[in-house]
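Colleague: Given next are the chains, with one letter for each unit.
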Amino acid sequence: MEIQYFFELFGTLFFGISGALAADEKSGNDWFGVTFIAFLTSIGGGTVRDILLSVEIMWIKDVNLIYAVAIGVILAAIFYKPLLKLRKTFMLFDTLGIALFTIVGLEKALNLGIHPVIAPVMGMFTAVFGSIIRDMMLNEVPIIFKKEIYAFACLCGAVIYMVLWKLDIDRNINFFVAGGAIVAIRLAAIKYNLSLPKFKSH
Amino acid sequence: MEIQYFFELFGTLFFGISGALAADEKSGNDWFGVTFIAFLTSIGGGTVRDILLSVEIMWIKDVNLIYAVAIGVILAAIFYKPLLKLRKTFMLFDTLGIALFTIVGLEKALNLGIHPVIAPVMGMFTAVFGSIIRDMMLNEVPIIFKKEIYAFACLCGAVIYMVLWKLDIDRNINFFVAGGAIVAIRLAAIKYNLSLPKFKSH
Amino acid sequence: MEIQYFFELFGTLFFGISGALAADEKSGNDWFGVTFIAFLTSIGGGTVRDILLSVEIMWIKDVNLIYAVAIGVILAAIFYKPLLKLRKTFMLFDTLGIALFTIVGLEKALNLGIHPVIAPVMGMFTAVFGSIIRDMMLNEVPIIFKKEIYAFACLCGAVIYMVLWKLDIDRNINFFVAGGAIVAIRLAAIKYNLSLPKFKSH
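Protein chains in written order, with the working numbering: chain P, 1 to 202; chain A, 1 to 202; chain V, 1 to 202.
Please note that a few of the clues may not be correct.
[To be verified] Below, a list of computed lysine-lysine pairs in the DSS-like style, where the Cα atoms sit at most 27 Å apart:
1) P/200 / A/26
2) P/26 / V/81
3) P/81 / V/146
4) A/81 / P/198
5) V/191 / V/81
Since the hints were derived computationally from the structure, they do not count as laboratory data.
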């Protein structure tokens with residue numbers, strides 16, 4: 001629980017940075033609008049997960065998550081140029097954010113006894129619904145419906161975690177293998193411009 | 001309960017087919033994106049209903065609904081051409097889907113003791129919110145805000161059900177009359193290009 | 001509680017009028033579509049708040065709120081021209097609506113023992129999420145991401161309420177001061193074309 005909470009805070013901080021930079025880039029908004037969007041991007045995925053799982057929304061009773069987003073937004077404002085560069089070059093914050101959020105969401109679902117077919121979906125939703133909400137609000141087609149491999153990387157990582165979990169692999173090893181797989185798939189997809197096959201050719 | 005569950009499964013399967021075909025047509029997406037959208041289209045309406053009714057989300061604890069969507073998507077991939085033709089000509093899957101979902105949602109609300117003015121709205125939401133979510137994500141104006149009669153057909157069917165229910169008509173007869181009305185109104189609206197009067201002329 | 005409920009009803013009525021007029025203007029929809037959108041605009045914010053607070057959705061068990069929206073829509077249809085003029089000139093209904101909804105949402109959160117940093121966010125969400133949902137559905141960028149000061153006015157009013165509440169000021173005085181501040185900030189922003197500084201210049 002301890003380390004899960006720590007990861008949730010860091011994932012939220014990373015998404016706060018990434019959300020603020022993306023909101024600023026896509027909308028050229030004022031600081032209030034950028035903060036609002038960064039907030040929704042960071043906590044939107046976990047909120048959707050908690051609503052679906054019928055549990056208390058994590059940030060309603062824990063103000064630390066709000067502070068984590070706020071720190072992310074402030075960091076994005078102060079270190080705008082270097083962070084923007086890091087974001088563009090390595091997709092750093094977003095990729096770390098989705099890896100952490102996938103595992104955190106998956107573990108929360110497993111702790112609640114959710115079916116092993118549905119738990120990985122909860123992990124993926126935690127990771128990607130923040131960006132989906134952001135893009136829906138900014139009137140853009142969400143990233144997961146573009147050719148980039150994004151949500152699929154999260155789902156793959158979640159499935160790997162499930163398999164290792166069934167094999168009784170140590171939780172910490174599992175965390176790093178599954179999280180690492182998400183980062184690796186995502187970065188490989190960007191570097192080699194990988195995409196999944198079309199449903200049907202047109 | 002037995003037959004309601006059976007209808008929910010079939011409605012989900014029909015919406016899975018319809019959702020996959022619509023997602024493929026509108027977005028030209030990869031199979032993962034199409035499956036993701038088909039999933040949201042199929043279970044989005046029931047999810048919105050369950051959240052509003054403060055009950056457990058139906059598919060979180062029942063993996064069969066996930067399988068029903070998956071089967072719908074696989075059928076859509078295998079029998080793509082004939083199913084697309086059926087969809088275009090008769091609006092078959094979507095129309096059966098909204099009829100089933102309206103009644104299933106309405107009956108769930110009634111079983112929970114929801115006010116007879118609000119229960120039909122729950123039926124309509126179950127039927128149409130899946131498509132609304134899909135269209136919002138794909139950055140299109142939802143079908144219910146276009147001239148076609150769509151959500152209104154569901155609401156009419158739900159009101160007919162309520163009236164017959166108050167008159168103590170047998171549930172199975174009621175089901176077929178109300179569901180049939182939805183199908184009939186929807187198909188008549190398409191065939192005769194019917195639309196409702198404007199709120200105000202411009 | 002008594003007066004809070006009264007304000008919720010009036011806020012809902014005002015938003016019903018404003019939502020119907022906006023929906024008609026933006027979409028040129030039929031009366032069903034306009035009513036549907038007016039409904040979502042009016043109760044969307046409170047619905048999001050109640051979901052986040054894990055409490056029963058207010059309008060599911062209280063049909064009076066549905067009637068309040070319906071009366072708003074009917075008034076908008078009958079007194080279309082004068083109400084449209086009032087709306088354009090003074091932003092009357094929308095501004096009164098957000099002021100009432102912010103305080104109602106904030107007080108509901110405080111009564112549930114929500115953290116004083118999060119409670120004002122609940123107030124703001126109650127006021128603005130109805131319009132956000134409406135604009136997302138109509139495929140427009142939500143008003144809060146445009147240059148107008150809108151959600152920020154609600155947040156300011158909510159923070160003022162929190163400060164006076166901590167100072168043990170009488171609730172009714174607090175209500176009028178905080179609500180008045182929201183109206184004043186909103187109207188001043190429109191009149192003097194005020195906007196907040198950009199996050200970063202481009």
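Colleague: Would you mind confirming whether the straight-line C-alpha gap from residue 191 of chain V to residue 81 of chain V stays at or under 27 Å?
Modeller: holds, 23 Å
Colleague: Take the C-alpha atoms of residue 200 of chain P and residue 26 of chain A, compute the straight-line distance between them, and say whether it is at most 27 Å.
Modeller: Holds, at about 12 Å.
Colleague: Keeping to a limit of 27 Å between CA atoms, is the pair of residue 81 of chain P and residue 146 of chain V held or broken?
Modeller: holds, 24 Å
Colleague: Check the hint pairing residue 81 of chain A with residue 198 of chain P against an upper bound of 27 Å on the C-alpha distance.
Modeller: holds, 16 Å
Colleague: Given the hinted pair residue 26 of chain P and residue 81 of chain V, is their Cα-Cα distance within 27 Å?
Modeller: Outside the cut-off at roughly 37 Å; violated.
Consistency note: the structure conflicts with earlier hint 2 alone.
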